[in-house]
Amino acid sequence: MKAGIHPAYNEINVICACTNVFRTRSTHKGDIRVEICSNCHPFFTGKQKLIDTAGRVDRFEKKYASQRAEKATRLAGVQ
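Numbering (the numbering used here), first residue to last: 4 to 82.
Derived Cβ-Cβ restraints for the label pairs, each shown as a range:
1. Q70 / H31: 52 to 58 angstroms
2. R28 / A68: 55 to 61 angstroms
3. D61 / Y12: 52 to 58 angstroms
4. C43 / K66: 35 to 41 angstroms
5. C43 / G7: 36 to 42 angstroms
Derived from the structure by calculation, the hints contain no laboratory data.
Cβ atoms here follow ideal geometry from the backbone N, Cα and C, with glycine treated the same way.
Starting from the given sequences, assemble the full structure and let the hints guide the process.
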């Protein structure tokens, strides 16, 4: 490795919005502020919410069912 070309590798504080602070090493100078960390992320805390997407598919099918029916009758009349 060449001498004098590598940045300084310092210990820094990572500060989360939930007030969790932990130390790590980085070439970044000063503290790093983050919005979410493993202490408050829903995946790690077990407080996940499951989103029901089945309702969206049903709504889409209902919305475009009439257009499909019209297209089917037009195609049946053409043949």
